[in-house]
Amino acid sequence: MSTPTSHDPTPERSQEIAENIEGVTTRINHALSSLGGNAQNARLVAVSKVKPISDIVAAYKAGHRHFGENYVQELTEKANELPKDIQWHFIGSLQSNKCKVVAAIPNLFVVETVDSAKKATTLDKACANSGRKEPLRIFLQVNTSGEDTKSGMTPAEIVGVARDVVEKCPNLKLAGLMTIGSPNPDLDNGDNPDFKLLNECRKQVMDTLKLDHLELSMGMSDDFQQAIRQGSTNVRVGSTIFGSRPRKA
42 MSTPTSHDPT PERSQEIAEN IEGVTTRINH ALSSLGGNAQ NARLVAVSKV
92 KPISDIVAAY KAGHRHFGEN YVQELTEKAN ELPKDIQWHF IGSLQSNKCK
142 VVAAIPNLFV VETVDSAKKA TTLDKACANS GRKEPLRIFL QVNTSGEDTK
192 SGMTPAEIVG VARDVVEKCP NLKLAGLMTI GSPNPDLDNG DNPDFKLLNE
242 CRKQVMDTLK LDHLELSMGM SDDFQQAIRQ GSTNVRVGST IFGSRPRKA
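All residue numbers for the sequence shown refer to the working numbering, where the first residue is 42 and numbers rise by one.
Keep in mind that the hints were calculated from the coordinates and are not lab data.
There's no promise every hint is true.
Said to hold, decoys possible - With a straight-line cut-off of 27 Å between C-alpha atoms, the simulated BS3-like cross-links for lysine-lysine are: (1) 214 to 90; (2) 237 to 141; (3) 237 to 214; (4) 139 to 214; (5) 209 to 159; (6) 159 to 214; (7) 251 to 209; (8) 141 to 102; (9) 166 to 139; (10) 125 to 166; (11) 125 to 139.
Sequences are here, hints too, so could you generate the full structure?
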């Protein structure tokens with residue numbers, strides 16, 4: 042019998058997180074089933090920022106592998122300590138001076154928050170110098186709500202930046218588009234306008250650049266089922282799995 046460590050979750054916490062993941066997965070499958078034959082799989086990213094490693098261990102033991110982190114230092118520390126088959130998603134604001142650190146994480150699955158051509162170029166160079174064997178997947182972040190407090194490029198910029206990634210960044214793979222969206226969207230017509238706009242951006246990019254496929258990363262704890270019904274292939278769920286995060290001081 043192995044000796045418990047500080048990273049071992051309690052049996053109660055393990056059960057709680059496993060049940061939460063199962064509950065979210067059930068809701069994802071229900072949203073997918075409502076789409077019938079038009080459904081694409083939707084990846085669940087468990088957002089573990091500021092959560093202890095023991096919580097990630099609990100989710101890992103429940104069979105989960107995709108985790109999202111917002112802070113470079115925290116992601117690096119967790120990636121060093123946790124199993125290498127975890128697929129990390131960087132979902133926070135990426136500063137240019139942190140691209141080298143992020144690119145060096147071998148099991149980084151995707152950077153979801155590339156918001157300019159300049160940032161893409163910097164990340165591409167960092168990947169070239171990191172010795173990565175395969176191009177790093179990225180999503181381009183679009184500010185669909187037009188809020189000053191949101192990161193991301195405007196919808197008008199998306200095609201130009203996507204073209205730069207495809208044509209000038211050989212160490213990156215354009216895998217999809219991402220948005221956070223408004224916390225209080227107008228749903229009078231049944232659709233979330235931010236999700237609708239991201240779909241339109243994807244179509245524009247795919248048509249212009251003759252791409253076969255791009256993912257959509259949209260939807261969080263409060264709206265992931267709506268996002269899936271509008272075509273999301275990647276949802277970022279934190280508090281519903283791990284509980285609320287502590288308020289900033």
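Tested hints:
1. Distance check on the hinted pair: residue 214 and residue 90 sit about 25 Å apart at the alpha-carbon level, within 27 Å; holds.
2. Our distance criterion of 27 Å between C-alpha atoms is broken by residue 237 and residue 141, whose separation comes to about 34 Å.
3. Simply put, residue 237 and residue 214 have alpha-carbon atoms about 24 Å apart, close enough for the 27 Å limit, and the pair holds.
4. This hinted pair checks out: residue 139 and residue 214 have alpha carbons roughly 19 Å apart, not beyond 27 Å.
5. At most 27 Å may separate the alpha-carbon atoms for a hinted pair to count; residue 209 and residue 159 meet this at roughly 11 Å.
6. For the suggested pair residue 159 and residue 214, the alpha carbons sit about 16 Å apart, so the restraint of at most 27 Å is met.
7. For the given pair, residue 251 sits about 16 Å from residue 209 by alpha-carbon distance, which is consistent with the 27 Å threshold.
8. Between residue 141 and residue 102 the CA atoms are separated by roughly 31 Å; this puts the pair beyond 27 Å, and the hint is violated.
9. Between residue 166 and residue 139 the CA atoms are separated by roughly 12 Å; this keeps the pair inside 27 Å, and the hint holds.
10. The hinted pair formed by residue 125 and residue 166 meets the criterion: a straight-line CA distance of about 24 Å does not exceed 27 Å.
11. At most 27 Å may separate the alpha-carbon atoms for a hinted pair to count; residue 125 and residue 139 meet this at roughly 21 Å.
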